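Using the sequences provided together with the hints, build the complete structure.
Chains as they are written, first to last, in this note's numbering: chain X, -2 to 340; chain W, -2 to 340.
By construction, these hints were calculated from the structure, which means they are not laboratory data.
None of the values given here were measured: they were computed from a predicted structure.
You may find that some hints are simply not true.
A pair holds if it fits inside one copy or across any two, identical chains being indistinguishable in the list.
When the alpha-carbon atoms are kept at most 20 Å apart in a straight line, the in silico DMTMM-like pairs for lysine to aspartate or glutamate are as follows [to be verified]:
hint	residue 1	residue 2
1	226	6
2	226	4
3	1	125
4	226	28
5	226	7
6	226	125
7	2	97
8	226	242
9	182	257
2 protein chains.
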Amino acid sequence: MASKKVDSEEAIIGAYFAPLAAGFPGAFALEDDCAAIAPAPGHDLVVTTDAVIEGVHFFAGEAPDAIAWKALAVNISDLVAKGATPLAYLMALALPEAPEHAWLAAFAQGLGAAQTAFGCHLAGGDTDRTPGPLSVSITAFGTVPAGGMVRRGTARPGDAVYVSGTIGDALLGLALRREPALAAKWGLEDRARLVLDTAYCRPQPPVAIAPALRASASAAMDISDGLVKDFDRMCRASQCGGRIEAARVPLSEPARAIVESGGRQLADLLTGGEDYQVLAAIAPERAADFERMAAASGNCVMRIGQIAEVAAGVEVVDGSGRAMSLARTGWDHFRNTARDKRG
Amino acid sequence: MASKKVDSEEAIIGAYFAPLAAGFPGAFALEDDCAAIAPAPGHDLVVTTDAVIEGVHFFAGEAPDAIAWKALAVNISDLVAKGATPLAYLMALALPEAPEHAWLAAFAQGLGAAQTAFGCHLAGGDTDRTPGPLSVSITAFGTVPAGGMVRRGTARPGDAVYVSGTIGDALLGLALRREPALAAKWGLEDRARLVLDTAYCRPQPPVAIAPALRASASAAMDISDGLVKDFDRMCRASQCGGRIEAARVPLSEPARAIVESGGRQLADLLTGGEDYQVLAAIAPERAADFERMAAASGNCVMRIGQIAEVAAGVEVVDGSGRAMSLARTGWDHFRNTARDKRG
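Structure, rendered in structure tokens:
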């Protein structure tokens, strides 16, 4: 009987990862040391790298297909917010022990589902053993027409501020992972619990929105470390101020119910992180076009605030126009306390 | 007095990594979420990713500048062997604790020295905390004329087999790290010890050889997991056999002295790994040009064998033409025993 453990790097690549590279000729079926990527003439490559680590970005024992999905999704989120169309990715996998076939099969299945959803292919990678926790470092490649990458620091006073999707679901999904009893306390039905858990463990960046951003956005970035913190970053990078109207921030049905019943503060949702939605600054004269193109791509966008002169500062106001007091603005790996640590 | 610890990801990037991106406009001074890379018209990007992990690829407590150098060098090695000219890289850094300024300064200094030596720039990255060991995942980008990446699996029977540099020094450097008393046993002077240690902890891939490979190589790859193992991979990928004449394999002076005095078997050096030199198959009519171009680039190359028909198999012969018996062919993260583990 064959061993359940996989005993060589080449066996892992051949059996589980080569099929994910089949659609990308420059991957050379993962049989070479490098991949070749040729963007179409007149296009730039947009590149980004992000790692997910067990005990930091996902819980020990997380389903392998969810780990794979999240590892790719957090990178695609960055590309999409820059207006790029996903093309390919490389993956450096560090495994704490020789993996079992069943684990690898599920991991590869999750990666396959994610790359199909996001429209890209595995182009290469590296597989190592590590004495530490499982980690998956992905580098993702997308394309934009030459010079067309949407920047973070180019918002202008007067621009409308938009977000895609809904905000705060991943934070609530994470809270439920830590304290499952909250589901009953918050009166959540199974479906609502699943919506929040999925937002946490299988984020869905709005891939199809990239052309709308390229056509209309003054500036954009993805929301990964908390809406308020990332908005602050956009304003600082743009040497602007800005205002978010908290009551306009789109919430999912379960999130709205939890906030309305006092289960969690709205401020927590605005600073929670891992939303993997797009934050965009849109000139007023482009706003109608942007909303139309975003809707046509299947993505709802919501105007939640405005870019202002730098002297106005950055603020979040409640329904009556008063500045909200926030205990923190978002996530920082080096500043947050152990209590905040995920996993 | 300022803390010795660094307390935010943005502070790390701004103080230590942004200066390394100054020469690459598409890095946007590391102030955006992605980098933009536009290969020159008529060129492809060649991309690769490799991670180095504390306790696996380097020892705990290794000098931070050496860790940084090695992390970049192992990636540049892959690019160079494909005939690519290095351009830029992304780095995903996982730190076990909030780093001290002195550590980061030394790490950035090592990275700066390496990128200067290899002719590339930092273009972006990701910095995380990890409950595990320090790891550095780099994705490196190089360029080749369109379609010009030198492949691994295109060697042809009759090709001459070449290596750059010397083989086995890193293995000896690693042995000295594990057992410093070997230096006296082997009668090594300080300078010899330094040559071997440097080969282990600051590998020097032959960057300038890339054009010679593009002009003349049927096939090439870097030697990272042991000469014999990597030669076997090239032959298998090319559906060929092949032969290495062990006595022709170039050794450094200290390595030759150690082998001649019986301190270590030649077979160990041929299967040790981490050489980060180039293995190339060259058609006989191209051999003189290849040797000339390689020498003009400042790199010695040595003909060590020949590609054969697949029926001839893959073998390593000693000075009298007898097949050598090898306990193993090289390094595999999943097959090697704990005894082989580095660090």
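Treating 20 Å as the Cα threshold, decide for residue 226 and residue 4: within, between, both or neither. Answer is between; shortest inter-copy Cα gap is 16 Å, intra-copy 44 Å.
At 20 Å max between alpha carbons, let me know whether residue 182 reaches residue 257 within a copy, between copies, both or neither. This pair counts as within: shortest intra-copy Cα distance 13 Å, inter-copy 76 Å.
I want to check one pair: residue 226 and residue 6. Are their C-alpha atoms no more than 20 Å apart within a copy, between two copies, both, or neither? between (40 Å within a copy, 13 Å between copies)
Should residue 226 paired with residue 125 be assigned to within, between, both, or neither, using CA atoms and 20 Å as the limit? between (34 Å within a copy, 17 Å between copies)
Using 20 Å as the alpha-carbon threshold, which applies to residue 226 and residue 242: within, between, both, or neither? Within one copy, since 15 Å is at most 20 Å while 62 Å is not.
Within, between, both or neither, where residue 2 and residue 97 count as close if Cα-Cα is 20 Å or less: For residue 2 and residue 97, the Cα distance is within 20 Å only inside one copy (4 Å; across copies 40 Å).
Should residue 226 paired with residue 7 be assigned to within, between, both, or neither, using CA atoms and 20 Å as the limit? between (42 Å within a copy, 12 Å between copies)
One pair to classify: residue 1 and residue 125, alpha carbons no more than 20 Å apart. Within, between, both, or neither? For residue 1 and residue 125, the Cα distance is within 20 Å only inside one copy (19 Å; across copies 32 Å).
How do residue 226 and residue 28 come out at 20 Å by Cα distance, when the copy is not named: within, between, both, or neither? Result: close only across copies, 15 Å inter versus 42 Å intra.
Hint violations for this structure: none, all hints satisfied.
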